[in-house]
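*Asks:* For the protein sequence lines, the chains are A and B, in the order given. Going by our numbering, the residue at position 128 of the first sequence is 128; the numbering climbs one at a time, nothing skipped. All you need for our numbering is the position in the second sequence, starting with 1, plus 1000.
Hint data in this document are derived by calculation from the structure and do not stem from the laboratory. Honestly, I wouldn't trust all of these hints.
Claimed, not checked - With a cut-off of at most 20 Å between alpha-carbon atoms, the simulated PhoX-like pairs for lysine-lysine come out as follows: (1) B:K1170 x A:K341; (2) B:K1003 x B:K1253; (3) B:K1003 x A:K341; (4) A:K162 x A:K128; (5) B:K1243 x B:K1253; (6) A:K112 x A:K12; (7) A:K64 x A:K27; (8) A:K2 x B:K1319; (9) B:K1050 x B:K1061; (10) B:K1319 x A:K341; (11) A:K198 x A:K27; (12) B:K1216 x B:K1243; (13) B:K1319 x A:K12; (14) A:K321 x A:K12; (15) A:K207 x A:K233.
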Amino acid sequence: MKTRMTELFGIKHPIMLAGMSMVAVPKLAAAVSNAGGLGMLATGPLTPDQTRQAIREIRSLTDKPFAVNVTFILPNARENAQVIIEEKVPVVNYALGRGDWLINAVHEYGGKVIGTVVMMRHAVRSEKDGADALIVTGHEAAAHGGDVTSLVLIPHIASNVKIPIIAAGGFCDGKGLVAALALGAEGISMGTRFLLTKEAEVHETVKRLCLNAGIEDTVYTDSIDGLPGRFLKTRIAEIMASKRVSIIRSMSSALEIKRMLGVSWWRLITSGLRGRSPQELARQAVAVSSLRSLLDGGDEKDALLPIGQVTGRIDDVPTVKELIDRIIAEAEQVMGAISAKVRA
Amino acid sequence: MFKTRVTEILGVDYPLIVGTMQDISTGEFVAAAANAGAFACIASAMFMSKETLRNEIRKTKSLTDKPFGVNINLFPMLRPISIEEYIDTVIEEGVGVIETSGRSPEPYIDRIKKANVKLMHKCARVRDARTAERIGVDIVEIVGFECGGHPSMEEVTTLVLLPRVVDTVKIPVVGGGGFGDARGFVAALALGAEGVLMGTRFMAVRECNLHPNFKKAFVKANETDTVIVQRSLSDPIRVMRNKTALQVLEMEKRGTTLEELIPFIAGDTRRRATAEGDIDSGLMACGQVVGLIHDVPTMKEVVDSIINGAIAIYERLGKTLKPAG
Chain A
1 MKTRMTELFG IKHPIMLAGM SMVAVPKLAA AVSNAGGLGM LATGPLTPDQ
51 TRQAIREIRS LTDKPFAVNV TFILPNAREN AQVIIEEKVP VVNYALGRGD
101 WLINAVHEYG GKVIGTVVMM RHAVRSEKDG ADALIVTGHE AAAHGGDVTS
151 LVLIPHIASN VKIPIIAAGG FCDGKGLVAA LALGAEGISM GTRFLLTKEA
201 EVHETVKRLC LNAGIEDTVY TDSIDGLPGR FLKTRIAEIM ASKRVSIIRS
251 MSSALEIKRM LGVSWWRLIT SGLRGRSPQE LARQAVAVSS LRSLLDGGDE
301 KDALLPIGQV TGRIDDVPTV KELIDRIIAE AEQVMGAISA KVRA
Chain B
1001 MFKTRVTEIL GVDYPLIVGT MQDISTGEFV AAAANAGAFA CIASAMFMSK
1051 ETLRNEIRKT KSLTDKPFGV NINLFPMLRP ISIEEYIDTV IEEGVGVIET
1101 SGRSPEPYID RIKKANVKLM HKCARVRDAR TAERIGVDIV EIVGFECGGH
1151 PSMEEVTTLV LLPRVVDTVK IPVVGGGGFG DARGFVAALA LGAEGVLMGT
1201 RFMAVRECNL HPNFKKAFVK ANETDTVIVQ RSLSDPIRVM RNKTALQVLE
1251 MEKRGTTLEE LIPFIAGDTR RRATAEGDID SGLMACGQVV GLIHDVPTMK
1301 EVVDSIINGA IAIYERLGKT LKPAG
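Produce the complete structure using the sequences and hints provided.
*Replies:* This is the structure in structure tokens:
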């Protein structure tokens, strides 16, 4: 399959891995790239040293193009971006902030940059700043989608920018890929679907929770990590969504995060989460530590898992290659069926 | 062109269904849609007696020889005549399709089936679609979170909900919510729909009786200019973000009673606003897809642009999907 996305990145299939913190790690990223898609490493929870190590690990696992993401609101973003530039990562994705300086630096060594957006204003700005492509995230996505759904947001942004668009939020199969292409996207980005593959290194409990969830089993709220986002409907997610969370728990989680990222309190508060209140910071800390304990230890009681509505459409755990091959085959079959309808 | 089980059952040219809209889906409106090759239903709730409904059906027939349907809203409310009387009138007038919405049509299904009338049911959850299939509905229409009017409390978007329903039932599925142009039309078919439902798009057409001020507001609105109100009443409705909508949201946030809300949310308030062209009074149902609407063409121009656009998209995709290299 050939689209502006496959041509821009030099990949075989217009499918990429979403930058899920603690899930989009070297093994999964390399598996997606090796299967002909675009793998991605998430650097949100990584120190600069860990980021460098992870990039090198991906290079040891694949010689195909891959991407690394950086989320600007997180405390280590600047330093991680510096590492990404030094390592000359082929494709860089940025989210939740302005990327002009990063775009210039990546273009200097010949890399490509993708901006992640959830609204028109940011899409136009990213294009103006020089981004090569956009990931457009709809309301149905895991974590930080906006109010507008993929079916409306994708064609709207596609009409208003010239750079290729990669659709994210609500995609898991060949039907969705054809829908995305019809709406004006040049490919899809998937998170939840790749979380449910053999190569995803998360605890079995996580996979079981997602497989069992229905399409209605997510909550969308801004009271978990301070930004509107979508999480699996668990006991703790519902408690936090209703804004009842103990300050003691928040502070101890925040301490854990501070340790994990190896940054000082001062840095955590000033450089990282500019303009956000200590409560928001604490909530974010709870979110991250709950995610970590779930992904590593399978502690489902306090599970806070960013997950898309599409989890309710997924009922198997294939290998990454099986999944990508199946999506492409199904997309071709769906096109054949529509083609028959056009001619009929 | 684009033949599906839905076009067969309804006898319509294209698998394109105009959403039934209270106070808009009159005989003239429905006939214009039918003449353009789409399928529409008269909103029977606008008619207070068997005779006025009968006259409207006859008027529609005088304006088109294409098939059309009649919607019967089963949502519990005060009615001047019984649901059975509405159904019998439709049957007596020889209309081939009834569309139900608001509640399960189970209590009336024998009456409808015995008359050999096709039944299309509109709902917003997987479990309601499953029920519709079980009781013998011919076509199920499913609407997602982005739709104008009534999405479900579960807030699942059409992109996820529609294929989930297609995978769950064997009867043909019509998808709605978020579709307003050729791109959405092809996307819906790709997701497994055999018909595509559009409401908001058909509010901004010449034949629609809405006050021009509202049509202008639709053309100006962008995709973030809708909100969901009445969540507190467990009856969510997506409407245009106007003064009334924001006021209702505010009242709901601080906790208010139905009695206090009624003056703002009542149909009469909207009808008065609609008549006067006052876009800030009353709640006007409107989908997120309003952000993709930039003109007020004729019904036929809309239908033609969707069908011709869909063919062009199909040709573009045909090239894309050839294996690389």
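*Asks:* Against this structure, judge whether each hint is valid.
*Replies:* So, going through the hints one by one against the coordinates:
1. B:K1170 x A:K341: Judged against 20 Å, a Cα distance of about 19 Å means the pair holds.
2. B:K1003 x B:K1253: Violated, at roughly 47 Å.
3. B:K1003 x A:K341: Status holds; Cα separation ~6 Å.
4. A:K162 x A:K128: 10 Å, holds
5. B:K1243 x B:K1253: 15 Å, holds
6. A:K112 x A:K12: 17 Å, holds
7. A:K64 x A:K27: Within the cut-off at roughly 13 Å; holds.
8. A:K2 x B:K1319: 8 Å, holds
9. B:K1050 x B:K1061: OK: B:K1050 and B:K1061 at ~17 Å, within 20 Å.
10. B:K1319 x A:K341: 17 Å, holds
11. A:K198 x A:K27: 11 Å, holds
12. B:K1216 x B:K1243: 16 Å, holds
13. B:K1319 x A:K12: Within the cut-off at roughly 15 Å; holds.
14. A:K321 x A:K12: Holds, at roughly 12 Å.
15. A:K207 x A:K233: 14 Å, holds
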